[in-house]
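This is what each chain is made of:
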Amino acid sequence: MNKKDVKVVSTPLPHREGQGGGSTLFDKIWDKHVVQKVEDGPTQLYIDRLYCHEVTSPQAFDGMRARGLKCFRPEKIFCMPDHNTPTHDQDKPIEDPVSKAQVDALERNAKEFGLTHYGMMSKDNGIIHVVGPEKGLSLPGMTIVCGDSHTSTHGAMGAVAFGIGTSEVEMVLASQCILQQKPKSMRITINGQLGRGVTAKDVALYLMAQLTTSGATGYFVEYAGDVVRNLSMEGRLTLCNLSIEMGARGGFIAPDETTIDYIKGREYAPKGDEWDKAVAYWKTLKSDDDAVFDKELVFNAADIEPRITYGTNPGMGIGIASPIPSEGVGLGFQKALDYMGFKPGQRLLGTKVDYVFLGACTNGRIEDFRAFASIVKDRQKASDVVAWLVPGSWAVDRQIREEGLDKVLEAAGFQIRQPGCSACLAMNDDKIPAGKLAVSTSNRNFEGRQGPGARTILASPMVAAAAAVTGVITDPRELL
Amino acid sequence: MKQKFNIITSTCVPLPLENVDTDQIIPARFLKATTREESFFGDNLFRDWRYNADGSLNKNFVLNDPIYSGCILVAGKNFGSGSSREHAAWAIAGYGFRVVISSFFADIHKNNELNNFVLPVVVPEPFLQELFDSIKANPGTEVEVDLPKQTVTNKATGHSEHFDINGYKKHCLMNGLDDIDFLVQNQNKTEDWEHGNKVC
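Just so you know, the sequences run in chain order A and B. When the first sequence is numbered by my numbering, its final residue is 480 and no position is left out of the sequence of numbers. When the second sequence is numbered by my numbering, its final residue is 1200 and no position is left out of the sequence of numbers.
Hints listed in this document are in silico derivations from the structure and should not be mistaken for laboratory results. Among these hints, one or two may not hold up.
Stated by the list, open to error - Straight line, CA to CA, 30 Å or less: simulated DSSO-like cross-link-like pairs of lysine-lysine: (1) A:Lys335 / B:Lys1077; (2) A:Lys28 / B:Lys1189; (3) A:Lys295 / B:Lys1170; (4) A:Lys182 / B:Lys1189; (5) A:Lys100 / A:Lys431; (6) B:Lys1059 / A:Lys335; (7) B:Lys1002 / A:Lys70; (8) B:Lys1004 / A:Lys70; (9) B:Lys1155 / B:Lys1170.
Could you put together the complete structure from these sequences and hints?
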């Protein structure tokens, strides 16, 4: 586009014109990153961090070559394969030639454009949304994007993080900026204290069922309240990860001592004087007391139980002991139940399970493995259940072994696989066979998501562990 | 790809389902391509609804019903939810759709359509229902999408609605332009921003 075609107004625009009150944290981070506002158009937003994985980036790099462009700020861009990586024998070439070509293309592109690349079997490799926070690459106050809808995960660090398409990846490669409409802001407050056996995953599944998969579309969500404050970083990463499943562009949590403690000492965390300055800045990152949100929702922890899904979108969920609704709204309820082989009003406790998947950017962190191990300790995997336990990164794998969790899991009949996205979307060989029922700690139960014809129940690591040792849908609180 | 947009009049393909996610639009196993061949993605649009498990055509799916055709897809609310995969927009464009009409789109997918010169048209729920009814009564029902005037018209009933699109993106679509040239030409502004801000 030629400059003369587009008018640019003075920058940055004052936010929320016509509304009184203070600023939300979302406003503060977003507005700080506004390079300019295109008249009657989007905002040119500066991006602090771009992550690239192998699936949504090759066409963006092709576009760069076709236009003869170089990366504008290569030092802000980090690449790693995760979707196609096998979860065994990673030291050998990938057997699937198409997967191999995509993984190889990322390595080649990163080299050609001068970008940091954590290849398969590198000690730094893992799922991009697990690796970013654990290396200290995702920091409070940043804008972070990736060609992946679960980029919302990094919001747990107090960052504005959101998923983008491949054309938008190319925008950031070329200019370190993106053109975006500013989303509206929503605050979701969860008061009270979570009960035994209730985790961040259950909170997210509860929110999705309350809001539906489109209830937060058009919004950026700030999570607040006692429940959120008391979550560990791992729990916060799980909660923010699932923001997109309510339709939100992203979700985040204002940084606090938990955030700062987590970041300190990590490889890319600021050091020395820079650390002190950064911490002082991060402590300013909160919504003003009189901030005005476009929408406010408040929930009570006492209403949240261990949860499962019963349908083919993540909003179709219930408390683990509750019946499937007798009738659903919308044009997909019966289609979903037909696909899952369930009936309206049916209770799922005691339903036979074929597969259990622990992992993904949702629940592939150390705390998830601890939770799983706490249930299966001194028990045995049900003989007719196939269980895939996939750490989110090599760093998680190392910590599992340091803490001796591998011994607990192995004694209970489980093996730990090698890191990657794995059965979450089944781009590698980890496919749930058609018709089989899987309890998965991942993020989507869409038709065919875990393999053509696969039937997915989304749940927490505890619910997954309870299913793995009993062979049926079981309330994990009975095993605590 | 960069087709200039103006007024489109076409029959429609109806997909009266809600929450159609991008995993259905293009399943993950078709995301392994490293190039942007629209015909490949178009051939696999709605793959698992379009074909039976044995590879035969699912004659009950609307894309396989010869009475429906045209370059306008009409879908239930919350179209394109889930994964950010732009491959979904490539598949829609590759199949030959130029417009998707729904009462509600997921954010990322909506942007992806716009970045691929597919126009997402948001209409009120009653208009969408009426359109589904018109198409059911007469599959030959035509719809006119007038981008310059920002109107969408059900020619069977004459019912017309205004639709929103920002002026910048409208200009891009009508002139076959995209965002990357704009951003590259504005790199001096980006550098100014970097000088004025402590970069993380």
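Checked hints:
1. A:Lys335 / B:Lys1077: holds, 16 Å
2. A:Lys28 / B:Lys1189: It holds: about 20 Å lies between the C-alpha atoms, which stays within 30 Å.
3. A:Lys295 / B:Lys1170: holds, 29 Å
4. A:Lys182 / B:Lys1189: holds, 19 Å
5. A:Lys100 / A:Lys431: It holds: about 17 Å lies between the C-alpha atoms, which stays within 30 Å.
6. B:Lys1059 / A:Lys335: Within the cut-off at roughly 17 Å; holds.
7. B:Lys1002 / A:Lys70: holds, 22 Å
8. B:Lys1004 / A:Lys70: holds, 28 Å
9. B:Lys1155 / B:Lys1170: Status holds; Cα separation ~23 Å.
In this structure, every one of the numbered hints holds.
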